[in-house]
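Chain A is fixed; fit chain B onto it per the hints.
What follows is each chain in one-letter form.
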Amino acid sequence: EAGVTQFPSHSVIEKGQTVTLRCDPISGHDNLYWYRRVMGKEIKFLLHFVKESKQDESGMPNNRFLAERTGGTYSTLKVQPAELEDSGVYFCASSQSTRTEAFFGQGTRLTVV
Amino acid sequence: AQKVTQAQTEISVVEKEDVTLDCVYETRDTTYYLFWYKQPPSGELVFLIRRNSFDEQNEISGRYSWNFQKSTSSFNFTITASQVVDSAVYFCARDNQAGTALIFGKGTTLSVSS
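In the order they appear, the protein sequences are chains A and B. Under my numbering, the first residue of the first sequence carries the number 955, and numbering increases by one thereafter. Under my numbering, the first residue of the second sequence carries the number 292, and numbering increases by one thereafter.
The shape of chain A in the complex, shown without the other chains (with noise of 0.2 Å):
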């Protein structure tokens, strides 16, 4: 079975351009989250969808982040635009319920410049 995927792995940008991180969740999770870790510091939660729609967006930054799920498949954060403190590696997880393990991909690891 298939893990979590992200792409990209890696993700360099300039100050002020936009980026589009993409998640594909395991097949047949309906819980998707994107967490985010800037460096030195614990990974932070961003938020939550249950298929399509947005459960709890309260660790979104601000309005630079959009997160959407159309389908309630795979899921795209972008930012926009990108700020030098956005950078840091942000995670993506999906699970079968909540309160139960998330499984989590390899993370795309965003710098801005």
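Computed spacing ranges between beta-carbons, pair by pair:
#, chain 1, residue 1, chain 2, residue 2, range
1, B, S402, A, T959, 27 to 33 Å
2, A, T1054, B, S404, 33 to 39 Å
3, A, T1030, B, T369, 39 to 45 Å
Partial selection, computed: residues in chain A whose CB lies under 7 Å from chain B:
#, residue
4, F999
5, H1002
6, T1052
7, R1053
8, F1058
9, Q1060
10, G1061
Honestly, the hints are just simulated from the structure, not real lab data. In this text, a Cβ means the ideal position worked out from N, Cα and C, and glycines have one as well.
Coordinates of chain B only, in the frame set by chain A:
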């Protein structure tokens, strides 16, 4: 937010040594879940264990064991007879009140040398 604290930033041991990674959490909830994840150099977070707050029995899985102490709000992780392949960053986490997200500690980097 209810915090998870991993006081040890980095630990270095020599192969075959036992090592314990500490985790202390804050909670005002009666029911909650605790987790440990491993992040090897490849980058993905690998699930190790999930523990319900009502189940205080210690758990052993091969060389891994977990000690859950509700009285001290701790959920420590011990690796017995460590191996080089155990080198990774280990994260402790708990679920939030709604059960919709994980609250992570900062992680402990474990280096096992031969």
